[in-house]
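J.: Fit chain Y to the supplied structure of chain P, relying on the hints for placement.
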Amino acid sequence: MRAIDYVAPTSLSEAVSVLSAHGDRARPLAGGTDIIVQLRGGRRELDVLLDAKTIPELNQIELTDSGLRLGAAVPCYEIYQNQAVAAAYPGLIDAAGLIGSIQIQGRASIGGNLCNAAPSGDSIPPIITLGGEAHINGPNGWRAVAAEDFCTGPGRSVLEAGEILVGIQIPAPVANSGTAYLRFIPRNEMDIAVAGVSSSVVLDASGQTVQSARIALASVGPTPILATAAGDSLAGKAVSDDAIAEAGRLASEAASPITDMRGTIRQRHHLVDVLTRRTLNIAIRRARGEE
Amino acid sequence: MPGLVHVTTTINGNQTDFLCEPRQSLLECLRDVVGMTGSKEGCNDGNCGACTVNLDGRIVTSCLVLGVEAQGAEVNTIEGVASAEGLHPIQQSFLENAALQCGICTPGFIVAAKALLEAEPDADEARIRHWLAGNLCRCTGYDKIVRAVIDAGERMRA
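Protein sequences appear in the order of chains P and Y. The numbering used here puts the first sequence at residues 97 to 387. The numbering used here puts the second sequence at residues 498 to 655.
Isolated chain P (complex conformation) (with noise of 0.2 Å):
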């Protein structure tokens, strides 16, 4: 690795200034299972890494009534190892839990893994499909970006010069709602998704029929994909495997997936409609209260 600096900001005014003056030659540094990769291996030159969990709003997780505010330092084990957000976010759960190992999950944060924009971030479908929001500070101050709108391509996001993400807003849930993450890959641990997909869905008090549903996608777009006409299409629906299968059909579509050498284009629709269904039927028992 080139010669770098390192500047632990103790605020968010500092960090901005420190990002301000340097430009695209500076970047946060959160669990740095991503960044120090890329720095070692040359796919990425820098001056400055700005350690994120030197500043105290990027380390906050905090539940509330109004929802989650998790800091985009806050790695994933602090996730799964609160009980309360756990039980209130399975589907977040899901994804922060299966994120490389143990080792990794110990500094991996999912702000991290939403600003690296991997096109197979294991926990942005669920940011999306859980209705999150991207909090960002810069030298003009606050704004918020839906994490559908975040990623701009494969490395690339809405973030610009001098600008860090602070934390992502989720709302809290709704009563009788669900959501889930699944991905394929062909091992049982440690590797990075062929497909992936979150679905959320809302279901009446009777549990037999869907208001609304959210269903994303990862690794199969040069981006995050929410599958917006796949989600609508249970909106009013029964409960039914003709419905969840429909649904299926048209995420499937709606994913726009490459050929490479972790799987085809032909395999990576198929997992999309195949986790689809799976990731909403998980996502209605749990909004049933059923698991």
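What the hints contain is simulated information worked out from the structure, not anything from laboratory work. One thing to keep in mind: the hints can contain errors.
Unchecked claim - For each label pair, taking beta carbons as the anchor points, the in silico distance ranges come out as: (1) 283(P) - 516(Y): 37 to 47 Å; (2) 152(P) - 503(Y): 18 to 28 Å; (3) 652(Y) - 331(P): 54 to 64 Å; (4) 595(Y) - 345(P): 24 to 34 Å; (5) 328(P) - 623(Y): 54 to 64 Å.
In this text, a Cβ means the ideal position worked out from N, Cα and C, and glycines have one as well.
T.: Just chain Y, lined up with the frame of chain P:
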């Protein structure tokens, strides 16, 4: 060219000061600066777990931690596992179950297994295998390692 940074940290209970460049990993600092070569470099990109150390109570791959991030932290390495009285039960179990051949992965496995068994002394085989998925071994085929950790759990519960 950034200069050297003075880092004060606690390694295996001892306050330790070292100088490093910001680009140096904690693993490099441990091995090349502090002279503690128990933690091994395997892949150097977070996949193999040979460099596993305990950082503030969590296991991490020290190749993906910067040395400067250890400022004020508690680091526990393989060198701190045995005591003056002798080997830790996990180390004894590794020996008795022949859970190592070349030994490069062993420090990482022991540091990782110790963190698991201290938090979850009743961890079953499935949990152990899941916990150790971030540690790769190309010699043993894992069964002897898993057996050693199960055995160590029994010893630690006794």
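J.: Next step is simple, just say for each hint if it's right about the structure.
T.: Comparing the hints with the structure gives:
Under the hint 37 to 47 Å, the C-beta atoms of residue 283(P) and residue 516(Y), about 41 Å apart, fit the expected range. Take residue 152(P) and residue 503(Y): their Cβ atoms lie about 24 Å apart, and the range 18 to 28 Å holds. At roughly 57 Å, the beta-carbon separation of residue 652(Y) and residue 331(P) lies within the given 54 to 64 Å, and the hint holds. The beta-carbon spacing between residue 595(Y) and residue 345(P), approximately 53 Å, falls outside the hinted interval of 24 to 34 Å.
Our hint of 54 to 64 Å for residue 328(P) and residue 623(Y) is violated, since their Cβ atoms are close to 39 Å apart.
Checked against the numbered hints listed earlier, the structure breaks hints 4, 5; every other hint is satisfied.
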